[in-house]
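From the two separate chains plus the hints, produce the assembled complex.
Chain residues, written in single-letter form:
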Amino acid sequence: MSYSIVGKPVPRTDSEAKARGEAQFTADLSLPGMLYGKILRSPHAHARILNIDTSKAENLIGVKAVITGKRDAIPYDWGVFPYTRDYQLFPIDTVRYIGQEVAAVAAISEDIAERALKLIDVEYEPLPAVFDPEEAMQEDAPVIHNDKPRNICVQVKVDEGDVDKAFAEADLVLEGSFKSPDHTYCQGEPYAVLAKFDSSGVDIWCPNAGPHMKARPLSSALGIPTSEVRLHHVCIGGAFGGRSEVSPADVIACLLAKKAHFPVKIVYSREENNNYIRQRVGWITHLKMGFKRDGTWTAVDLRSIVDGGAHASTGPIAVSVPYMEMETTYRVKNLRYNGYRVYTNKPPRGMHPEQNRAFHIPVEFHLDKAAGILGIDPVEMRLKNGMIPGFITATGARITSCGLTECIQKATEKARWKEKKGKLPPGHGIGIACGSVMSGFPMGIRGGSAAFIKFNEDGDATIISGVVDNGQGNESMVSQIVAEELGLPLDKVKLVSADTYICPSDQGAYSQTATLISGGAAKEAAADAKRQLFEVAAKMLDARPEELEARDGNIYIKNALDRRVTIRRTVINALANDITIMGRGYRWPDIDKDREWVTNPRGQFATTYSYGCSVAEISLDMETGKVRVINMVAAHDCGYPINAMAVEQQLEGAAWGSGICDGLFERLLWDQGQTLNGNNLDYWFPTALDSPPVYPIIVSSNDPFGPFGAKEGSLSIRMSMYSAIACAIYDAIGTLPSEVPFTPEKVLDAIEKWQKEV
Amino acid sequence: MDKRIIRLTVNGEEHQVEISAKETLLEVLRERLSLTGAKEGCQDGSCGACTILLDGKPARACLVLAAEAEGKDILTIEGLSRDNELHPIQEAFIHHGGIQCGFCTPGMILTAKALVDSNPEPTEAEIEEAISGNLCRCTGYAKIVESIIAATKRG
Chain Z
1 MSYSIVGKPV
11 PRTDSEAKAR
21 GEAQFTADLS
31 LPGMLYGKIL
41 RSPHAHARIL
51 NIDTSKAENL
61 IGVKAVITGK
71 RDAIPYDWGV
81 FPYTRDYQLF
91 PIDTVRYIGQ
101 EVAAVAAISE
111 DIAERALKLI
121 DVEYEPLPAV
131 FDPEEAMQED
141 APVIHNDKPR
151 NICVQVKVDE
161 GDVDKAFAEA
171 DLVLEGSFKS
181 PDHTYCQGEP
191 YAVLAKFDSS
201 GVDIWCPNAG
211 PHMKARPLSS
221 ALGIPTSEVR
231 LHHVCIGGAF
241 GGRSEVSPAD
251 VIACLLAKKA
261 HFPVKIVYSR
271 EENNNYIRQR
281 VGWITHLKMG
291 FKRDGTWTAV
301 DLRSIVDGGA
311 HASTGPIAVS
321 VPYMEMETTY
331 RVKNLRYNGY
341 RVYTNKPPRG
351 MHPEQNRAFH
361 IPVEFHLDKA
371 AGILGIDPVE
381 MRLKNGMIPG
391 FITATGARIT
401 SCGLTECIQK
411 ATEKARWKEK
421 KGKLPPGHGI
431 GIACGSVMSG
441 FPMGIRGGSA
451 AFIKFNEDGD
461 ATIISGVVDN
471 GQGNESMVSQ
481 IVAEELGLPL
491 DKVKLVSADT
501 YICPSDQGAY
511 SQTATLISGG
521 AAKEAAADAK
531 RQLFEVAAKM
541 LDARPEELEA
551 RDGNIYIKNA
561 LDRRVTIRRT
571 VINALANDIT
581 IMGRGYRWPD
591 IDKDREWVTN
601 PRGQFATTYS
611 YGCSVAEISL
621 DMETGKVRVI
631 NMVAAHDCGY
641 PINAMAVEQQ
651 LEGAAWGSGI
661 CDGLFERLLW
671 DQGQTLNGNN
681 LDYWFPTALD
691 SPPVYPIIVS
701 SNDPFGPFGA
711 KEGSLSIRMS
721 MYSAIACAIY
731 DAIGTLPSEV
741 PFTPEKVLDA
751 IEKWQKEV
Chain B
1001 MDKRIIRLTV
1011 NGEEHQVEIS
1021 AKETLLEVLR
1031 ERLSLTGAKE
1041 GCQDGSCGAC
1051 TILLDGKPAR
1061 ACLVLAAEAE
1071 GKDILTIEGL
1081 SRDNELHPIQ
1091 EAFIHHGGIQ
1101 CGFCTPGMIL
1111 TAKALVDSNP
1121 EPTEAEIEEA
1131 ISGNLCRCTG
1141 YAKIVESIIA
1151 ATKRG
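As given, the protein sequences belong to chains Z and B, one line each in that order.
Take the first sequence: its position 520, counting from 1, is numbered 520 in the working numbering, and each next residue is one higher.
Take the second sequence: its position 42, counting from 1, is numbered 1042 in the working numbering, and each next residue is one higher.
Here chain B stands alone, though its shape is the one from the complex (with noise of 0.2 Å):
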């Protein structure tokens, strides 16, 4: 397979990394730069766990070629907190019960935070509209919503 060596700002860092040219994100993050915090739930992009941000955005790391990255800014949920102060999302998922087996975790707090970033203030049904993406099987989703508004209010 085709060996090439890409840059790839992960969390404020830069990396260099030799992959081949179908490796994912995904691989890249979890394998190489061991950053496993984004999770393979599916191989088909229908769950969401693997949701990383790329310039600010959610984005499937299953479904990005890691060379497609290069050049833009990626953060994975280990980048979240800043010196080891908790995100206030962060700190809302674990005071109002937003997680539970932790699974969906870290890619359901990043669509919050591109939501939050854009929508400061965002209604229930944009919440939800906005997570629909990211399956969870244990919540049912009420405490997930209430975590997102009550780190909306927190600021």
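Bound-form chain Z, shown alone (with noise of 0.2 Å):
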């Protein structure tokens, strides 16, 4: 199929004013008679809070508002889920992390603010509190939330197939342990709200990843209706799943706005942004896993021990996840799992792509270990193992489209990989690992998205879409579906997006559906218009609808191009007419709608998946214990690439983010609740002189659902890239460090256990 517009490398709608330093992201922002707002935080991990005295504050001059969550706040108990409703947004009477949101001030400076705060007097009775998630699992563990006995916020069961039985029919049987330490989010614009409210309700610009998932808990905690909640669309420096959910300082910042009768802006420091809106799981998992001597996987059996700070957020999401996608990545039927998502006293962790590593690295390494038990080719032991088009998972998850073959097939093509495993120098080595994600899973009445199109006088189209861009290309991804199908240029086409107040509802960044779902309603949007174009245009033309086409800006009859007539000629003689074109769509996941994460896991549970394979060859200093990623391959199946150069971008940036990032560097350190490196300087943040060459690898498998065929645009990869340089690692030196990520101290108490048993 040959299109003007999609699957090509064309720039993106929004580079040119973020090249000008034109776009505006939240801290850009401001208002007539504008406040600054600042947060006082719990030093306490665990505390009730007795009383708190804000006269002095109060009393500063320059001070506007003070509050709060004892006096200000509307008790509200919000959580993602209806089971999961556990978190006030500023704390009534208790806090559960240091940290914690107290009390804010609202001053004409940021320096008044911050002095006022020091003038607040909070009388804390400390409780005692647990930051080790499997202590905290114990009878005898503070308890954090009354109604969860033994800490755990929920727990995931899968049992599917026979697993004892195969078990015991296996040729081989392994055994291994893993985790990952929490992280942190660490995106490049630190998050701020800007919020105004007055009598028509309030207005909020703040980053996010899905405008409308954040109105209605807002409009709970603010005892508003949604209608009068208005996110506007801003700039955002990047979200990566910790964006998702409404945040404390959004509530704090209306609530200021609110008492001060004035707009207030909340501007969150480097450490602040790592630590107070989300932080990222910690994540242990003991496995075992059988196979038959040809190498069939036929057997698994996980548990799962994720640190998930003080509050649920996404927990029965975040637990599940690697999981699933590790079913719809290999044909194991036999699987049972159990996935814990525990609290302690630390923030609360959300979604994040990379999430799984501590899941996902294990299963490949003992993946690769069967493999060298059994003879068996590492590539080899994916393909066979690997998901395949019209396979139906365990749990009942149909596969339309996969092109997991074809990518392991172009991933090790790419990395010369026959002529490089078992051939590599002393301390080097070369590893594979596979992924697959879902696009568009369960978000009940909320996980669609609308969109309706109007034409100017121009005739050039405007699109009202609720998608929104973190910066992964979604704005442009939009706009290039809806101009390949109205058949015009990019730049005749406009959007207006992410705004709750004009926008319908739209499902957001989650579950990996901005392409599938946003894009999909934007082009039946398109489709619709392009009908009344074409009923219009026929009798301009005297020909029949079904005779036409539109491309470049021109609607032709085909076969007969010199007949034609200008898309904007055509809107003037509708309105001519009295005729006005408006074009509406919907789309909504295609799903198992009994599917839940905790009480049913069973049936289809996302409308497609992605696929990808990774490879990674490192080279390793068996002195220092320093990995060295030479190069990375990464090829992912998208469907198709409404933007390849986007596409790539994405590609390029997973793998460096789970390879470099999440494998060799991020971890977070901490002392009785507190973090010790929150900031870059000693987070350990990768530079430019840590990235090596990374090789993108588009595969297309044509999904029948998504618009143009497209699905999902990079995820594979980030959740297995970790997991290709895990191997490469076992293929260098013949063991694995335990946990990530693999610093050189790591990498070398591992060689020297391995030296020992051996």
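FYI, nobody ran anything at the bench for these hints, they're computed from the structure.
Be a bit skeptical, because a hint or two may be false.
[Stated by the list, open to error] Lysine-lysine pairs mimicking DSS-like chemistry, simulated, CA-CA at most 30 Å apart:
#	chain 1	residue 1	chain 2	residue 2
1	Z	K746	Z	K179
2	Z	K423	Z	K746
3	Z	K8	Z	K492
4	B	K1022	Z	K118
5	Z	K746	Z	K626
6	Z	K118	Z	K259
7	Z	K423	Z	K292
8	Z	K333	Z	K593
9	Z	K288	Z	K165
10	Z	K756	Z	K746
11	Z	K56	B	K1003
12	Z	K753	Z	K288
13	Z	K333	Z	K288
14	Z	K420	Z	K384
15	B	K1153	Z	K8
16	Z	K56	B	K1022
17	Z	K414	B	K1153
18	Z	K118	B	K1003
Right under this line is the structure:
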């Protein structure tokens, strides 16, 4: 199929404003009379709030409002799910982590606001706290939420096939454990909120991954109708899953603005951003895998303990997703999984694509270990067990488009696997890992997207869509889809997006649906508009609508291209005949609505799945333990690339984020609930000097549901490259540290331990 | 706090600004002059998002006191496109995919400009070294380096 705009590597529509410095991020905005907000945070990991005296702060000149959860918040327990409502966004009587919000000030300058914070006296009664998830699960551990015994937030249970029988009949059974520490999102842009509250409601600007997802909880927290909570479009500096949910800062900024009767802007410091919006989970996995002699993977039993921090966040999803991805990557049918999200007295943890590293790495590592024992090449192991189209997984997920085999073939060919595997010099290794990511999982009544299209007098189209862009290029993607469908050049398509006041509900950048669902809805709206355009143009051209096609701003009669009329003239002609052309469309994921993360993990849980294969080549210094990544190959099946350059951008970022950042560098260090390295200098954040060559490969399996065949754009790599590096380390030294990141110290410890055993 | 009037030359234009002694150049650019292209990412000079050029050399506006910048030539991202025409480095970033979320972009482009002005045909290694103080969470730096190389070939 040859298209004009989709599939091409066109410059993104948002790039020029960003290159010029014109793009406005939340902290760049200001409104008349705007005040500056600052937040007072708990120094205790677990404590009752007995009393807060704000009188001295209120009397400081320049302070316009002081609020506390105790006095000013509406009692409201928020949760992503009805059964995870455990979060008072502005705590009233209990704090559960160091840094939790206790009071806030709005003043005429940041300096005055900060001075006012120091004048607020808070009386706490410290309570016992727990920081390690395995300790938190003990009977005698401090209780963080009274209704959750042993601090178990959720338990996801899967038991499919006959796992015990399959292990009994296996020719080879391997066991192991792996862990990953908690870490931080560290988005480029520190979090910020600007809120304006008046008699018509509240206007809010803040980084988000779905403004509609924030509007409903904010309306509950503020006690006003959802239609009066207006989140507006703003340029967003990255989210990576950590800005999907409503945040305490959102509620606090609104309450301050309401009390002060002026707009309030809160801008987080780097430490606040890294620690107090969401952190990223810590994870422990114990697993057992069974194989037949010929390499068929027949059984797996996994137990994961996820350190979720003090609140549930998207707990059921976070704990389930790594398991489900394994189930849609490999054809193993006897599976048992017990995933526990556990409360600890640390900041809450959100979703992140790389959260599964302590799940994915041991699975891939044990596939390689089995391959070694059984005398099978690791690539053959993946091909033998890897997913194929038409398969129905153990929990009933139907696989439609699946380009995994092609990804494996292309990635290993590019990486020159056959030339290198087993033939590299000492201290060198090459490793492979596969991934699969769901596109479109259940989100209840907010799981769909809708779009409208209107035309301007000059024939340009404007799309109104709830789609949100965190930097991954979603705005450009939707514009390209509509331009292609309508037959307009890309610069004649404008987008109004991510505004809850104007745009219909959209599921946000959740569950990897921006292309599939937001893009799909926009395509429906464009198709609807095109039908109406063709009705009008047909009369102008004395033809039938079904004889027409649109391209490059013109409507043609197919096979008679000299007979044409511009889209602009068609629009004007319509208006002259009292016809207003308006496109509308919506799209919902094709899923089993009875499937639920915890209560019923069976049935079609996502519309479709992307696939990918990561290959990494490394060299290791045996004296220092330092791992150097020589190159990474990232082959990903995105169905069809709406913008090939944008997909490559995502693949390169994913390979680096997964392989380098998470595989080798990032971890948070703690002392009794206090992060010690929540800033850039101490977090050990990699730079341009740590970025080896990445070779992105796009595979197109043409998904039947996605717009132009497109589905999720890169996450299979983000969720597998660290495993390819792990397998490459194993290839180089015959062992693997039992936790990430693979720092020199850990690698040396692993080598020493291995040498002792041998 | 001590208030004084200073003269700042920003993007070829002179401004008279009343500042307090402790105000940083970043604060003055963003809040007094409404030049919000330079970003605040970290408050400790580690991220590079506030990078501007002082007499042609990259500097962390968050670590420069506004008063120190008096008498120097300050270039921000807003001053890079002349008469609205994009600088070749900006063009290259747009056409070669060097921009994702855009938060690091102004600092990154200015750092690249300073490099290319003093070293018109830098190697990949020289580019990586030059931009090693500009943190990017999105790209993995691959297309940023490609964009800078492409800009040098355009001249």
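Pair hint B/K1022 and Z/K118, alpha-carbon separation not exceeding 30 Å: 20 Å, holds
Pairwise hint evaluation, B/K1003 against Z/K118, where the allowed Cα distance is 30 Å at most: At roughly 25 Å apart (the allowed maximum being 30 Å), B/K1003 and Z/K118 satisfy the hint.
Z/K414 and B/K1153 were given as a pair; does the straight-line alpha-carbon distance stay at or below 30 Å? 27 Å, holds
Given the hint that Z/K56 pairs with B/K1022, does the C-alpha gap stay at or below 30 Å? Given that 30 Å is the threshold and the Cα spacing comes to 26 Å, the pair holds.
Does Z/K593 sit within 30 Å of Z/K333, going by the straight-line distance between their CA atoms? 23 Å, holds
Within a Cα-Cα threshold of 30 Å, do Z/K423 and Z/K292 meet the stated pairing? 27 Å, holds
Taken at face value, is the distance from the CA of Z/K288 to the CA of Z/K333 at most 30 Å? 14 Å, holds
Satisfaction of hint between Z/K492 and Z/K8, Cα-Cα up to 30 Å: Between Z/K8 and Z/K492 the Cα gap is close to 17 Å, so the pair holds against 30 Å.
Straight-line alpha-carbon gap Z/K420 to Z/K384, limit 30 Å: Answer holds: Z/K420 to Z/K384 is near 21 Å, not above 30 Å.
What's the verdict on Z/K118 and Z/K259, does the C-alpha distance respect the 30 Å limit or exceed it? 20 Å, holds
Are the Cα positions of Z/K56 and B/K1003 separated by 30 Å at most? This hinted pair holds, its Cα atoms lying about 27 Å apart.
Within a Cα-Cα threshold of 30 Å, do Z/K746 and Z/K179 meet the stated pairing? 12 Å, holds
Consistency note: the structure conflicts with none of the earlier hints.
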